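Engineer: Okay, here's what each chain looks like letter by letter:
There are 4 protein chains.
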Amino acid sequence: MADKERVGFIGLGRMGTGMAGSLLRAGHEVTVYNRTPGKAQELVDRGAHKARQVADACRGDVVITMLADDAAVEGVVFGDGGVLQSLGKAKTHVSMSTISVALSERLAAAHAQAGQRFVAAPVFGRPDAAAAGKLFIIAAGAPDVVALCMPLFEAMGQKTIPIGDAPQAANLIKLSGNFLIASVIEALAEAMALVGKAGIDRRQYLDLLTATLFTAPVYKTYGGLIAGGKFEPAGFAVPLGHKDIRLTLAAAESLRVPMPLASLLHDRFLTLIARGGEELDWSAIGRLAANDAGLEDLLR
Amino acid sequence: MADKERVGFIGLGRMGTGMAGSLLRAGHEVTVYNRTPGKAQELVDRGAHKARQVADACRGDVVITMLADDAAVEGVVFGDGGVLQSLGKAKTHVSMSTISVALSERLAAAHAQAGQRFVAAPVFGRPDAAAAGKLFIIAAGAPDVVALCMPLFEAMGQKTIPIGDAPQAANLIKLSGNFLIASVIEALAEAMALVGKAGIDRRQYLDLLTATLFTAPVYKTYGGLIAGGKFEPAGFAVPLGHKDIRLTLAAAESLRVPMPLASLLHDRFLTLIARGGEELDWSAIGRLAANDAGLEDLLR
Amino acid sequence: MADKERVGFIGLGRMGTGMAGSLLRAGHEVTVYNRTPGKAQELVDRGAHKARQVADACRGDVVITMLADDAAVEGVVFGDGGVLQSLGKAKTHVSMSTISVALSERLAAAHAQAGQRFVAAPVFGRPDAAAAGKLFIIAAGAPDVVALCMPLFEAMGQKTIPIGDAPQAANLIKLSGNFLIASVIEALAEAMALVGKAGIDRRQYLDLLTATLFTAPVYKTYGGLIAGGKFEPAGFAVPLGHKDIRLTLAAAESLRVPMPLASLLHDRFLTLIARGGEELDWSAIGRLAANDAGLEDLLR
Amino acid sequence: MADKERVGFIGLGRMGTGMAGSLLRAGHEVTVYNRTPGKAQELVDRGAHKARQVADACRGDVVITMLADDAAVEGVVFGDGGVLQSLGKAKTHVSMSTISVALSERLAAAHAQAGQRFVAAPVFGRPDAAAAGKLFIIAAGAPDVVALCMPLFEAMGQKTIPIGDAPQAANLIKLSGNFLIASVIEALAEAMALVGKAGIDRRQYLDLLTATLFTAPVYKTYGGLIAGGKFEPAGFAVPLGHKDIRLTLAAAESLRVPMPLASLLHDRFLTLIARGGEELDWSAIGRLAANDAGLEDLLR
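Residue numbers (my numbering), protein chains in the order written: chain A, 19 to 318; chain B, 19 to 318; chain C, 19 to 318; chain D, 19 to 318.
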């Protein structure tokens, strides 16, 4: 494989569009596919080839999938004319979506049986980081295959961390990472409801936190959204947060690991969805906490 | 008040000893008092005066208290021969202990009535930061009084953040900060039980987290303790964590702010105490989470 | 002491009025006192003497207190001219209020020191049961003193259960009983939100439950309120439920017993209060659960 | 259909054996099937026919399934030679197992498409009630089909409650009922840990509860197990309780109904399983609560 690769890219949501753009910027030859075709145009204008069907994106050495959930990945991979049928022997499917541990195991087995190779490489970062090539990428799979994919990862991410042979380990780590972020959101939501109701300025409070103990960007990002009470447009919407906590709990169920804080987060997201908050950013837990404290009307 | 002050320091626990030492290092004239007298010797060797009773520590412009809990502060301040009786008119009591919002309000009122001045200046940082003069200090009180205390704060802390006129606001922020740290501990405890039971190396996992999204030192510190399963000796013991969450919930109760994550943390600390974990570091929530996942025996 | 006693009764809320009325109906000579004097008139019309001050209600062999909370009992007992100062040697104070374990211990000690006798006899039952003399009474104290009070208890209750020498045990049992009832409310609230959102008729569902496994009246009473969505007027208002769970958690804290379900209930009541539901019956947890499921607007 | 029916019975666990025995006692002609054949002998001795395969149990007007979980029902119904293939046109499958709402919907659709009839009739009651014909049966399906099944239900239950046309409603109600029972277990577990640690006799406490407000048998049954600390042999084992709460939460997830108490129960059962308690009765939550209070060693 040369430095510049022929790569297919399936899934042009807000994350996928940025990631495919980063591949183009790095000089790779990219064939893009999206179920809703309009989304490809911007990338075609920047030099991408446009696939008419999934199979057209599977003709290179590597095909990357970046889709919304398990069902979308299952459809694209296992369906008629899907990745599994279309990808050549010894070619590689890189799954970068946030999917369940169980599906990752199933993908690994199916590709192995088909003589194909499989890498799980989920990412941390919001759409702006995807567009800027600044994602963090957790990659798991056979070391030689991961090594071959490194030029692609380097185009999309600021750092790639190999985490061993078992693809599902990368997916579990990704899910656990989103659980950790959601935990930060919950903690900030409760703390801001508390100090806010005491009359302390919430932005000044956040400045204090991030200048001292909580210097990680995740505190600035979500603390700012909660302090400002601004949850639209969503960078990462409530149903996606809900999905990731659900998948975390599903993995925990299989492994027999009780996670009471994950259970709490699950109920928070379910409440947001039930009460009409599907369009909001997942940091809207901050609005729920404020609402439960009598501080503001939640929704509608 | 000159740059170098005559200051009393009451409370020579692990935090207080480090803080008083920082004051000495900066050249202040410090009179130290501790209920258990032996603890003062090290500081006396470094140039401190030794107070035989509380009143002896109240003869300068400022007296600082750094004690374990509300009861200790009440005893030292309101008791016979206590700070309230001993401190001169227009002199300042700086309360740096982590105490309840309610007690802070009571101290402010009592000192005002006695013609004395009061500043609440709780700190963030563990004993090593106290010894190195690297604490974060949240100061609230009349601005001119806070300004007068700044040389002292600069000796003890790497950064001092004034947060307004109302002393109790500083205490609420301090409590909320410890709640945020305990939330990080809980989240890491659950995540480590999950990935650990899946066979992923917990230290490698932590390195990955802290190299990407969770760069704040609090993740390194507590993640390291949990990954290593090493909770003794305690930097900050379980009963202190329990106390701070209890005071957070007490403030939340007064303000009518439900905090379900704080409730969960409270039950965690109570379980640790009930099961014999009083001597452990508060990050021993990590052992509870592992124990509930069947990974290891908790205690004894 | 004769069968018909001279008894003082302090506290004429909805419960106390019914209980004092039951004593009158049984032929006892009752002197009633209430801070707000108007409330006594109905009982005076039925033959009660009216006390102008607390001391007037303390001239018989027994004085009963039935007040809203710890603060009210402390005021009436420990205040100037209060029960402690007014009650004769070897006379008995029967505390029937739902108060904290800590206050019950303090009352027992204070009365013992004053040469008086003390019985804790909290009750189960709503105002209609109080008026009908159908309460359940949990009595704890010296057996001979409890025996002397039995004619009074028999007038007010359908059943009196002695539970030993330690008065505070009765208070703890009372609190735990209200915790059990609140748990039933929470469970029914969640179950009704679930089946209701599935389109099952909630009253039919309740009939099914109470005809099979859940025959206890508490399921009929609270299930009916939740199924009907009718939470006003309150038989037992949210702040009282909140207080009892708070006191349960305070006792659990002292004893080092984590109670996660009690923590959940505490947060439910706090949310109801914060969102304007102070006037509602404590079964309004049913409205919260429905609201969180997107079924109805909660309040306002 | 005559009063005495030819009926197949699939699933001879502790519940199924008792139920099939009740059918025999009432004079019905019963053909029994169990995957592990030995279990049928006792019933054959009492007059049952023994089916060698599933199809043999599907030759009458009605076949009843009473199996452990969704997977077992799916295997027996949808497998080769299963109920769906074997049952005649217009004949009836009565599913009495506790299964998911989703599977019940799938069964209803499959049987309708095959020209067969389907009734969901889950039960409340433990093995002794099954053996005595004292179950409560919740039946849902076409009213005429339910009516035809009534003689069978009357043989097995003390009361049958029709709940409408939609079979899955019966399953949801059954799940919610087990959620309500588990809630009673949790509440009693916490209350007994509390009063027990205070030194109150737990059996005397239970007698008091069941003589006053909590007269439903479920309080006697589970309160007795918890007070006695005796969780083996299991009447209803931890994994079954875990399954039912999991299915309740799955239905709640589909319907968008947050159930925080169900989440708490789920974590309790998961903890019991992770810590080696799979063989215990589901009331062993009482041991967890006691263990968390430092009262006793949980397991091993």
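Since the hints were derived computationally from the structure, they do not count as laboratory data.
Being a predicted model, the structure only gives us computed values, none of them experimental.
Don't be surprised by glycine CBs; every beta carbon is placed ideally from N, CA and C.
It cannot be assumed that every hint is accurate.
Said to hold, decoys possible - With the C-beta cut set under 7 Å, the calculated list includes, among others, these residues of chain B facing chain A:
| no. | residue |
| --- | --- |
| 1 | 163 |
| 2 | 166 |
| 3 | 168 |
| 4 | 187 |
| 5 | 204 |
| 6 | 208 |
| 7 | 212 |
Engineer: Each hint needs a verdict: does it hold in this structure or not?
Structural biologist: Results of checking the hints against the structure:
Below 7 Å, beta-carbon pairs count as interface contacts, and residue 163(B) has none with chain A, the closest being about 20 Å; its hint is therefore violated. Interface restraint check for residue 166(B): the shortest CB-CB distance to chain A comes to about 21 Å, outside 7 Å, so the restraint is violated. The beta carbon of residue 168(B) is not positioned within 7 Å of any beta carbon in chain A (closest approach about 17 Å), and the interface hint is therefore violated. For the restraint placing residue 187(B) at the interface with chain A, the shortest Cβ-Cβ distance is roughly 5 Å, inside the 7 Å limit, so the hint holds.
The interface hint given for residue 204(B) is met, as the beta carbon of that residue sits about 5 Å from the closest beta carbon of chain A, less than 7 Å. For the restraint placing residue 208(B) at the interface with chain A, the shortest Cβ-Cβ distance is roughly 4 Å, inside the 7 Å limit, so the hint holds. With a cut of 7 Å, the hint placing residue 212(B) at the interface with chain A holds, because the nearest CB-to-CB distance is about 5 Å.
Violation of the numbered hints given earlier is confined to hints 1, 2 and 3; the remaining hints are satisfied by the structure.
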